[in-house]
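Protein sequence lines, in the order shown, are assigned to chains G and B.
If you're matching positions, the first sequence starts at 1 in this note's numbering and goes up one per residue.
If you're matching positions, the second sequence starts at 1 in this note's numbering and goes up one per residue.
Hints are computed from structural coordinates only; laboratory data are not their basis.
Just to be clear, a hint being listed does not mean it is correct.
Put simply, identical chains are the same to the list, so a pair is met inside one copy or across any two.
Using 30 Å as the maximum straight-line C-alpha spacing, the simulated DSS-like pairs for lysine-lysine come out as follows [unchecked claim]: (1) K188 <-> K87; (2) K160 <-> K188; (3) K43 <-> K99; (4) K43 <-> K60; (5) K43 <-> K160; (6) K188 <-> K43; (7) K188 <-> K60; (8) K60 <-> K99; (9) K188 <-> K16; (10) K188 <-> K99; (11) K188 <-> K116; (12) K16 <-> K160; (13) K16 <-> K87; (14) K43 <-> K87; (15) K87 <-> K60; (16) K116 <-> K16.
All values reported here derive from a predicted model rather than from experimental measurement.
Number of protein chains: 2
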Amino acid sequence: MANFYIALLHYPVYNKNGQVVTTSVTNLDVHDIARAARTYGVKRFYIVTPVITQQQLVGKILRHWQQGYGANYNSSRREAFDIADVKSTLDEVISDIAKEVHSLRLVATGASLTGKLLTFGGLRTQFRERDDSYLLMFGTGWGMAQELLARADFLLESIKGVADYNHLSVRSAVSVVLDRLCGREADKR
Amino acid sequence: MANFYIALLHYPVYNKNGQVVTTSVTNLDVHDIARAARTYGVKRFYIVTPVITQQQLVGKILRHWQQGYGANYNSSRREAFDIADVKSTLDEVISDIAKEVHSLRLVATGASLTGKLLTFGGLRTQFRERDDSYLLMFGTGWGMAQELLARADFLLESIKGVADYNHLSVRSAVSVVLDRLCGREADKR
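Hey, can you work out the whole structure from these sequences and the hints?
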């Protein structure tokens, strides 16, 4: 089965008014997404921000749980944070992954992507049949800016609930995407 | 299709050492779970705590987004919070639901439930075929105490990722359970 990676991108993303901004890192994003990533077998979870002080803050959180007091206090949290890392840009993420894999495909996610979309079923099939690795890109704020979407090899279909309302937090969206791609159920094994 | 409801329970739940405690309400639980509940068509999302000051705090958060400044600032957040409510106990939740439905089945969720478990597939089938309503119970802390589990009509199978590690946040767990029960994909319509 293919390897996959996650990037949580804080720049360039849109704000409520469609302007390109840098969002702040949210502590609970780091916790929830690390735990979900570890549960679903993600190889590495990258928190991406160009802001040096934010990188330092994230580094401090990661070290607390990887090696500090938190690592002893809660070993399952340590296991989750072991796969987390912080980078400045998407290019840094891609360079880091390139050290261990030869072919990486970028998959953009979002609540309102348009155009030719890859379905969850299509991505599951690719996972099973190809030897590539995949980077799932998640935007913060009101979603990834166009220049990030333009980098993607695929745009993934949006998560649909029962009607048109679709305003999941990025924490929920990551969990659902990972479960759709790699979750297991008793009746489906 | 059946109606369903969610209860997020803060007492009685276990702490890390297996003692029965009351956990504090987490603001982001309220936000994330309200948004997921609204996305997946949940009729009502109950935040359950016996602590009066916590009930007051949750009430203040709910009103901010239901009617206050937040309702104008972010209308999709208002729609999510419109289905949220706060109660003291599970019995209060059940009484409230009994005003609108005649038959309610309680489904307990958890990461390490044992015994006879209802599968996700089994619950989906019940949803489709029966006219009952369902209350999905989610524990905070290290999970619901035995006296809450004993109230349930069904214990739902745990969420499985790729291996044995399973330490999702309650925010992630609610999102994944709702998606497994009611999510839609292009290839599966």
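Handout entry: Homo-oligomer pair classification [K99, K188; C-alpha up to 30 Å]
Key = neither (35 Å within a copy, 37 Å between copies)
Exercise for the section: First find the shortest C-alpha distance between K60 and K99 inside one copy, then the shortest across copies, and answer within, between, both or neither for a cut-off of 30 Å. Expected result: within (25 Å within a copy, 50 Å between copies)
Exercise for the section: Tell me, please, which holds for K188 and K60 at an alpha-carbon limit of 30 Å: within, between, both or neither? Expected result: neither (40 Å within a copy, 43 Å between copies)
Exercise for the section: Please work out whether the CA atoms of K188 and K16 approach to 30 Å or closer within one copy, between two copies, in both situations, or in neither? Expected result: neither (40 Å within a copy, 32 Å between copies)
Exercise for the section: Up to 30 Å between alpha-carbons, please classify K160 paired with K188: within, between, both or neither. Expected result: Close inside one copy (21 Å) and across copies (11 Å); limit 30 Å.
Exercise for the section: Evaluate K16 and K87 at a C-alpha cut-off of 30 Å and name the case that applies: within, between, both or neither. Expected result: This pair counts as within: shortest intra-copy Cα distance 25 Å, inter-copy 33 Å.
Practice task
Could you figure out if K188 and K87 sit no more than 30 Å apart (CA to CA) within one copy, between two copies, both or neither?
Solution key: Result: close neither inside a copy nor across copies, 37 Å intra and 36 Å inter.
Exercise for the section: Using 30 Å as the alpha carbon limit, work out where K188 and K116 are close: within a copy, between copies, both or neither. Expected result: For K188 and K116, both the intra-copy (29 Å) and inter-copy (18 Å) Cα distances are at most 30 Å.
Problem - Alpha-carbon proximity context of K188 and K43, limit 30 Å - result: Cα proximity of K188 and K43: in one copy and across copies (24 Å, 28 Å).
Exercise for the section: Evaluate K43 and K60 at a C-alpha cut-off of 30 Å and name the case that applies: within, between, both or neither. Expected result: Answer is within; shortest intra-copy Cα gap is 21 Å, inter-copy 41 Å.
Exercise for the section: Evaluate K43 and K160 at a C-alpha cut-off of 30 Å and name the case that applies: within, between, both or neither. Expected result: both (26 Å within a copy, 17 Å between copies)
Problem - 30 Å Cα threshold - placement of K99 relative to K43 - result: For K43 and K99, only the intra-copy Cα distance (13 Å) is at most 30 Å; the inter-copy one is 48 Å.
Comparing the model with each numbered hint stated earlier shows that hints 1, 7, 9 and 10 do not hold.
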